[in-house]
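Student: Each chain is listed here by its residues.
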Amino acid sequence: MDGLKPVTRRRFLTWSGIAAAGALGVGATQVNWSDLLARASSDPLPPGTGILVVVTLYGGNDGLNTVIPASDSAYQSARPDLAYKPSEVLDLGEGLGLNPGMKGLKGLWDTKKLAIVRGVGYPQPDHSHFRSMAIWQTASPKSPSTTGWLGRWLDASGDDPIRALSVEPVLPPLLAGEKTAGASLPASGLQIPQGALGKAFLALGKPQVGENPDFARAAKSITDLAEAAQALKDAKSHDPDPPTDEERSKGGSAGGRGALGAQLDLVAGLIETGVPSRAYSVSLGGFDTHADERGTQQRLLSELDSALTAFTERINRSNRANDVVTMVYSEFGRRVRANASDGTDHGTAGPAFLLGQRVLGGFHGQQPSLTDLDNGDLKPTTDFRDIYATLLERVLTTDPAQILSEHPGRLDALLTA
Amino acid sequence: MGFVGERAAVRRLHERFGLGPRPGELNSRFDQVSAALLGNVTPSGPPPPQLQPEPKAAKDPEQQTAITVWWLDRMAATDSPLVERMTWFWHGHFATSAQKVRGAGLMLAQNETLRRLGLGDFTSLAQAMIVDPAMLIWLDGQKNTAKAANENLGREYMELFTLGVGQYSEQDVREAARALTGWKVDRQTMTASVVARQHDPGSKTVLGTTGPLDAHSLVDLLVSRPASPRFIAQRMWTRFVGRTPPAEDVLVRLVTAYGPNRDLHALVRAIAAEPVFRDEASTVVKQPVDWVVGVMRAFKIRPSELSTADQKKLLAGLRGMGQVPFLPPSVGGWPSGPAWLTTAAGMSRLQVARLLTAKVDGFSVSSLADLLGVDWSDRTRAALSPLERQPRQLAAVAVCAPEYVVSG
Chain G
1 MDGLKPVTRR
11 RFLTWSGIAA
21 AGALGVGATQ
31 VNWSDLLARA
41 SSDPLPPGTG
51 ILVVVTLYGG
61 NDGLNTVIPA
71 SDSAYQSARP
81 DLAYKPSEVL
91 DLGEGLGLNP
101 GMKGLKGLWD
111 TKKLAIVRGV
121 GYPQPDHSHF
131 RSMAIWQTAS
141 PKSPSTTGWL
151 GRWLDASGDD
161 PIRALSVEPV
171 LPPLLAGEKT
181 AGASLPASGL
191 QIPQGALGKA
201 FLALGKPQVG
211 ENPDFARAAK
221 SITDLAEAAQ
231 ALKDAKSHDP
241 DPPTDEERSK
251 GGSAGGRGAL
261 GAQLDLVAGL
271 IETGVPSRAY
281 SVSLGGFDTH
291 ADERGTQQRL
301 LSELDSALTA
311 FTERINRSNR
321 ANDVVTMVYS
331 EFGRRVRANA
341 SDGTDHGTAG
351 PAFLLGQRVL
361 GGFHGQQPSL
371 TDLDNGDLKP
381 TTDFRDIYAT
391 LLERVLTTDP
401 AQILSEHPGR
411 LDALLTA
Chain D
418 MGFVGERAAV
428 RRLHERFGLG
438 PRPGELNSRF
448 DQVSAALLGN
458 VTPSGPPPPQ
468 LQPEPKAAKD
478 PEQQTAITVW
488 WLDRMAATDS
498 PLVERMTWFW
508 HGHFATSAQK
518 VRGAGLMLAQ
528 NETLRRLGLG
538 DFTSLAQAMI
548 VDPAMLIWLD
558 GQKNTAKAAN
568 ENLGREYMEL
578 FTLGVGQYSE
588 QDVREAARAL
598 TGWKVDRQTM
608 TASVVARQHD
618 PGSKTVLGTT
628 GPLDAHSLVD
638 LLVSRPASPR
648 FIAQRMWTRF
658 VGRTPPAEDV
668 LVRLVTAYGP
678 NRDLHALVRA
688 IAAEPVFRDE
698 ASTVVKQPVD
708 WVVGVMRAFK
718 IRPSELSTAD
728 QKKLLAGLRG
738 MGQVPFLPPS
748 VGGWPSGPAW
758 LTTAAGMSRL
768 QVARLLTAKV
778 DGFSVSSLAD
788 LLGVDWSDRT
798 RAALSPLERQ
808 PRQLAAVAVC
818 APEYVVSG
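Chains G and D supply the protein sequences, listed in that same order.
According to my numbering, the first sequence holds residues 1 to 417 in order.
According to my numbering, the second sequence holds residues 418 to 825 in order.
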């Protein structure tokens, strides 16, 4: 941890939400909804165009109780009260099994449409939620960055108005670019009042020459709202943050949202209507299971499972079945050894999931050893940027070099070309 | 760099260190307002609601709503806005969510501690927070025992509350967790205490200091690190001045004001006295609660006087904008800056604006500018003028203008 200088602090402040979304400062533009709307009706995203859905699990999902080495005695002895028995897990082969809450994903696994990348992390792992999430979302483990990896992809996609969308009220860092930022949509309905009031409100969105950047961005958000309301007038209305249950709240101190099913439902609707967006960001929170982990995590994984399964089924019925690839990740896994509260503290590597018709199902990457540990933590075997590079190249058809600073790694066997 | 004029600087004082100007409060000189606003540290406002005892963890939406409406009401009504401003600041700093605490009484007790100590010395505040019952539940402090430590509280305490990331090692996190072992919360009495047999009395080494550290001595150690005053000053700077970090010479002055007594009131006054505070570029995007409370103070609206249905609409609107008191999204608190200016939030903002201006009367485009202390741009003047004869709609749209959504 030595050698982290003020610039790192600034990055931390930025991405932890304590300072600003720095990339959205001077001269930033947001998604142009007029273009989006025009193209959704006149020129919808052509079938055959890759679409990426990123699912972020906030809090640090315990990978060892997700893809479970149940028959490994080192696993059983490290967490006797927290471990799943071999008979409880959904067998995947190679001594690993899925958490019993993930029956839908087991079905996808059996049809070879679920890829599990094992031991995913990055060198010199950071145990802070906020920094590790920043590293994943900026894809910049070594040096600070103020832009997210999909934000840089937005920048790189130039004047072509294909864009990235999130359904969070606050922009996730991964969608913040230098020049462009993804748009956020409320999962509930958008209805601008009719008449003089609505008209006056929308007129506040006009750019004003020489305006302070924060004012300009406030104005732009009103224009975007008008155009989003028009584009999404038929989208289904959901409550994005229903009251949470006790199980989720136990691991909730590290952020993230609920109602993943509703978020993915909205995304599926947008994809079906041909909105020309190629990247979507959704999230599920509650994985910071320092205590009473088993029930909490299994419930969250069940929610993840049913949301992903329903989404996959819906997309498979559409004409986009071969276009959509979904990635699921968390900022880190957890310590191998349980703590005294029937939970686990922050750890390092964890599994990432990829789903879709183009995914080559099965295991990718090596399972980290449970005996050769780094100060009690798993040693990562796969760099997460290998996954990003593959997704950028094969799904978003963009040269990863400019987005990931020449990161050379790939997982060639992850997706069909 | 250019500086904002006297009137805008006075408005900034009210918006950043207070909770927004009430009618007539913009008519004094900067120095007068600064002395009065920043000098008033005696809490005032409506007393908290009487709550039912909560012997067990339980979600009680009615009590939760009661304390939330009460706090918003107090922010709208108080004659000591700095006190409530700092209580609100510290709530975002020591961000604790009722979602996991599941006890309105414990949240309220923490709130009162933040109010009582928020302008005193940071050592006392930090000492109170590390064994605050709601905090212990929120960060699993009471699950942390000698048998095996739970690192959650110790890590976040160093990273987010006292030092900042990068100022400690992973080994320090593990050792700090040991120092914090053994604390238990009694929900019946709303107190926390150490259970001796669950506390690890052994020697620990944190940041190079070795000894039988406990919660008290750990906090003393952390707040006396050189990184701590800089971290606290920067956190305040972000909220009160803007997202451009303070220059080194500014930071040195702020740390000097904070001084060996860790004087939070002196630090706040030093921030307000910095010339950069009046720099045109030092804009702050209002957090949703700041915006809502500002509207309520300007139009003399009290949440306590709204119907139950309208109170619920107000809270739903805040949720739509992404910020409800007592429910921070994570231990890192709420974001700042343009992250608030999303399409999704704009919709909720207009709905809340209409709710709060439903009964106002007698305003014109120019009298609203006077009331709110802003100068309308040509764009905004043109947008508002068609509503000149519909004062309620005019007021609703005016408070959604960029000039008011951002503290310029």
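Derived from the structure by calculation, the hints contain no laboratory data.
Treat the hints with care, since some could be wrong.
DSSO-like, lysine-lysine: derived pairs with alpha carbons at most 30 Å apart [said to hold, decoys possible]:
#1 D:Lys730 x G:Lys199
#2 G:Lys206 x D:Lys564
#3 G:Lys206 x D:Lys776
#4 D:Lys730 x D:Lys473
#5 D:Lys730 x D:Lys601
Student: Next, verify each hint and record whether it holds.
Tutor: For each hint, the structure was consulted:
Distance restraint check for D:Lys730 and G:Lys199: the Cα-Cα separation of roughly 23 Å lies within the 30 Å cut-off, and the hinted pair is therefore satisfied. Annotation: proposed proximity of G:Lys206 to D:Lys564 is violated, straight-line Cα distance about 62 Å (limit 30 Å). Between G:Lys206 and D:Lys776 the alpha-carbon distance is near 28 Å, which keeps this suggested pair within the 30 Å criterion. Restraint check for D:Lys730 and D:Lys473: satisfied, since their Cα atoms lie roughly 29 Å apart, inside the 30 Å limit.
With a C-alpha separation of about 37 Å, the suggested pair D:Lys730 and D:Lys601 falls outside the 30 Å cut-off, and the hint is violated.
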